[in-house]
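Engineer: Residue numbers for the sequence shown follow my numbering, beginning at 1 and rising by one.
One should not assume that every hint holds.
Label-pair ranges, simulated between beta-carbon atoms [claimed, not checked]:
#1 I11 <-> G151: 34 to 40 Å
#2 V84 <-> D125: 32 to 38 Å
#3 E40 <-> R63: 35 to 41 Å
With a straight-line Cα cutoff of 25 Å, these simulated SDA-like cross-link-like pairs (lysine to any residue) come out [unchecked claim]:
#4 K86 <-> M30
#5 K100 <-> H158
#6 K100 <-> E62
#7 K86 <-> L15
#8 K97 <-> H143
#9 K86 <-> V20
#10 K97 <-> G41
#11 K97 <-> L9
#12 K100 <-> R150
#13 K86 <-> S49
#14 K97 <-> L15
#15 K97 <-> E68
#16 K97 <-> S49
#17 K100 <-> G31
#18 K97 <-> A39
#19 K86 <-> A141
#20 K100 <-> L17
#21 K86 <-> A67
#22 K86 <-> L17
#23 K86 <-> R101
#24 K86 <-> T13
#25 K100 <-> S49
#26 K100 <-> V20
#27 K100 <-> A39
#28 K100 <-> G60
Don't read these hints as lab results, they were simulated from the structure.
From a predicted model like this one, the values you see are computed outputs, not experimental measurements.
Positions of the beta carbon are idealized from the N, C-alpha and C atoms, including for glycine.
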Amino acid sequence: MVDKEKQPLHIRTALRLLHVYFSFARGMTMGVRAACFDAEGRIFLVRHSYIDGWHMPGGGLERNQTAEEALVNELREEGNLTIVGKPELVQVYFNNKITKRDHVVFYRVTVEQTSPRPPDWEISDSGFFSLDSLPAGTTEATHRRLAELRGEQLSAHHW
């Protein structure tokens, strides 16, 4: 996990500037995330360099971009993943953890990885994991989304 105090100052500054920019440029922000399963039923997770924990891949929508276009782009960028078949829309969540105006469009997809994803300044680690042996540090939100997908709990409205 990344200790926020040990993050490079330029990354902390850039992230803060992005949040300030988006607060003025967009009345509401929207992002996509996906539970990405391979043919063996394993889930793909990423660990970012700038935030703690293992997460499902995803990112923000840009102007003039559909949610599915953003999904395709984010999965390619964060994992060298291509979608097999049609993405299944699961839920749209309100995410008020950082701002009071963010929404997450959540999908379930089957994927293939075109090549291993090497670490870089954004993604420090990634990989496919069996559902019964998720890596230490997997976020609570990831655990909740997986429980919802398995039918172990009702879908929430908040991420």
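Engineer: Now tell me, hint by hint, if it's right for this structure.
Structural biologist: Results of checking the hints against the structure:
no.: 1; hint: I11 <-> G151: 34 to 40 Å; verdict: holds (39 Å)
no.: 2; hint: V84 <-> D125: 32 to 38 Å; verdict: violated (24 Å)
no.: 3; hint: E40 <-> R63: 35 to 41 Å; verdict: holds (37 Å)
no.: 4; hint: K86 <-> M30; verdict: holds (21 Å)
no.: 5; hint: K100 <-> H158; verdict: holds (11 Å)
no.: 6; hint: K100 <-> E62; verdict: holds (19 Å)
no.: 7; hint: K86 <-> L15; verdict: violated (32 Å)
no.: 8; hint: K97 <-> H143; verdict: holds (16 Å)
no.: 9; hint: K86 <-> V20; verdict: violated (35 Å)
no.: 10; hint: K97 <-> G41; verdict: violated (30 Å)
no.: 11; hint: K97 <-> L9; verdict: holds (22 Å)
no.: 12; hint: K100 <-> R150; verdict: violated (29 Å)
no.: 13; hint: K86 <-> S49; verdict: violated (30 Å)
no.: 14; hint: K97 <-> L15; verdict: holds (15 Å)
no.: 15; hint: K97 <-> E68; verdict: holds (24 Å)
no.: 16; hint: K97 <-> S49; verdict: holds (19 Å)
no.: 17; hint: K100 <-> G31; verdict: holds (14 Å)
no.: 18; hint: K97 <-> A39; verdict: violated (33 Å)
no.: 19; hint: K86 <-> A141; verdict: holds (24 Å)
no.: 20; hint: K100 <-> L17; verdict: holds (17 Å)
no.: 21; hint: K86 <-> A67; verdict: holds (13 Å)
no.: 22; hint: K86 <-> L17; verdict: violated (35 Å)
no.: 23; hint: K86 <-> R101; verdict: violated (28 Å)
no.: 24; hint: K86 <-> T13; verdict: violated (38 Å)
no.: 25; hint: K100 <-> S49; verdict: holds (24 Å)
no.: 26; hint: K100 <-> V20; verdict: holds (13 Å)
no.: 27; hint: K100 <-> A39; verdict: violated (37 Å)
no.: 28; hint: K100 <-> G60; verdict: holds (15 Å)
Against the hints set out earlier in the document, violations occur for numbers 2, 7, 9, 10, 12, 13, 18, 22, 23, 24, 27.
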